[in-house]
Amino acid sequence: MPQAGSLEDEHRRPSDDSQNPVTAADLVYFTSASGYTGRFVDKLGREAGQIPLLTSAPTLLAQRPYVLVLPTYGGTAGQPGAAAKGAVPKQVIKFLNVESNRSLIRGVIGAGNTNFGENYCLAADIIAAKCKVPVLYRFELMGTSEDVATVNQGLEEFWTHQSQKPA
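Under the UniProt record's numbering, read the sequence shown as residues 1 to 167, first letter to last.
No wet-lab data here; the hints were simulated from the structure.
Cβ coordinates follow ideal geometry from the N, Cα and C atoms, glycine included.
Hints may be right or wrong, so weigh each one.
Calculated pairs, DSS-like style, for lysine-lysine (alpha carbon to alpha carbon, straight line, at most 27 Å) [what the hints assert, rightly or not]: (1) Lys130 - Lys85; (2) Lys90 - Lys43; (3) Lys130 - Lys90; (4) Lys165 - Lys90; (5) Lys132 - Lys90; (6) Lys132 - Lys165; (7) Lys165 - Lys130.
For each label pair, taking beta carbons as the anchor points, the in silico distance ranges come out as [unchecked claim]: (8) Gln162 - Gly45: 14 to 22 Å; (9) Ala149 - Thr114: 15 to 23 Å; (10) Asn115 - Gly35: 15 to 23 Å; (11) His161 - Ala129: 39 to 47 Å; (12) Asn113 - Lys165: 31 to 39 Å; (13) Val135 - Ser100: 18 to 26 Å.
Using the sequences provided together with the hints, build the complete structure.
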């Protein structure tokens, strides 16, 4: 069984879906206690499902294909490879360890802080590689008004292109 903290190839569903929140939004996001990613998503003005802040909370269940927006955690950059271990929030790992959620991801948007250097938006890169989806965009902290406009336009084009793909 996958554990929080490892994005394994084994998938699972929550045992009792009736207590899990669901979303039909094509945008799903996680925001940390700082709220930066959530404020960016709010500025987009789109319906979005939020992954709960607490790992003990019931797991959000996606009902349709979505793009994931997530921040990168700083990790423990003191040792080679250590930053990657802590980069993806545990709540996001828990969400993606649900087979149905993982099967519906279509792209990733990363939030980060350029102070992280080469680890800037690393969580988006990790998720994209594990789930075999593209990183669609990266923005710093809460993003700028230009970031908001670019992401909104990009999401419109992305979903239009996705709807034209053969099933």
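Problem set entry | Hint check against the structure, violated hint numbers in rising order | Violated: hints 4, 11.
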